[in-house]
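Got chain A; can you put chain B on it based on the hints?
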Amino acid sequence: NAGVTQTPKFRILKIGQSMTLQCAQDMNHNYMYWYRQDPGMGLKLIYYSVGAGITDKGEVPNGYNVSRSTTEDFPLRLELAAPSQTSVYFCASGGGLNTEAFFGQGTRLTVV
Amino acid sequence: QKEVEQNSGPLSVPEGAIASLNCTYSDRGSQSFFWYRQYSGKSPELIMFIYSNGDKEDGRFTAQLNKASQYVSLLIRDSQPSDSATYLCAVTGNAGKSTFGDGTTLTVKP
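So the protein lines, in turn, are chains A and B. Sequential numbering from 1 applies to the first sequence in this note's numbering. Sequential numbering from 113 applies to the second sequence in this note's numbering.
Any given hint could turn out to be false.
Said to hold, decoys possible - Distance condition first, Cα-Cα at most 30 Å in a straight line; then the derived BS3-like pairs of lysine-lysine: (1) B:Lys168 with B:Lys179; (2) B:Lys221 with A:Lys57; (3) B:Lys114 with B:Lys209; (4) B:Lys168 with B:Lys209; (5) A:Lys57 with A:Lys44; (6) B:Lys114 with B:Lys154; (7) B:Lys168 with A:Lys44; (8) B:Lys221 with B:Lys154; (9) A:Lys9 with B:Lys154; (10) A:Lys9 with B:Lys209; (11) B:Lys154 with B:Lys209; (12) B:Lys114 with A:Lys44; (13) A:Lys14 with A:Lys57; (14) A:Lys9 with A:Lys44; (15) A:Lys14 with A:Lys44; (16) A:Lys9 with A:Lys57; (17) B:Lys114 with A:Lys57; (18) A:Lys14 with B:Lys168; (19) B:Lys154 with B:Lys168; (20) B:Lys154 with A:Lys14; (21) A:Lys57 with B:Lys179; (22) A:Lys14 with B:Lys179; (23) B:Lys221 with B:Lys168; (24) B:Lys154 with A:Lys57; (25) B:Lys114 with B:Lys179; (26) A:Lys44 with B:Lys179; (27) B:Lys168 with B:Lys114.
It should be emphasised that the hints constitute simulated quantities derived from the structure, not laboratory data.
So here's chain B without its partners, still in its complex pose:
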């Protein structure tokens, strides 16, 4: 079993729609959870992090964490073509080890 799994995609949504990205993790001791965006040929950049159960909102982005279900998600509201990228879920355990999923490629069509 992979330590961090993401919905495989690719995901395509029309402009203005909500994009939903999902991630599950295997280590119950995981402490912090991150969503990164990576444009083709570029380095990952942070979108949001969350470490408490519940929702965290930042502009058009909402991260949701459910530790009991070992599940974290990212919602992107009012999706824009500039949101087209690969989204990477990362999970950090209490030993400092930070593990990524394989990513979900999102395409927002004008």
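Next comes chain A alone, as it looks inside the complex:
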């Protein structure tokens, strides 16, 4: 039972570098989400997708991009990393409006 798999688990980036956080789910869920969680805070929605080929901005999309070419994968791209993007990133997937979201184990990103 893989569920939602995020890679990498940890990463240190230098200011101005770029990277892609990978997220894959094997539950055939239509809904997928990217959140960031700063220390002591809740989850802020970055982007979400309601199906392959469909993405939409959340609360804090600036500095990030996403794509959803397949049902399974929902990568998050960081361009020109900044210290303000230091956070824990969670990917989640869900089957629909009235079903729970299943979370990956998170990616701890530090930008120095």
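Below, chain B alone, put in the same frame as chain A:
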């Protein structure tokens, strides 16, 4: 105004007491409401969801929803030290957007 607001906490209750967690939301079109528990350094995990007005009970947990007041709550009866965690309220709108509150940290003291 934040889309989802929770009582700020932290909340501390003695073992065996009732813990009450509250959440309000701004979007009247919101359809489903979730409570997640998050232990330090871990991913959120679902405790309960509710989408109809009224109460929903599951063991020691009761979720209450009042759509007219745009209010959802979670009661934890007979609180245990293992319930000590951060509790996150999440609200999903009809476009599939799922938004979280900032969480309430609960400590249950033995």
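key: Hints that the structure is at odds with (numbers, increasing)   = 2, 18 and 22
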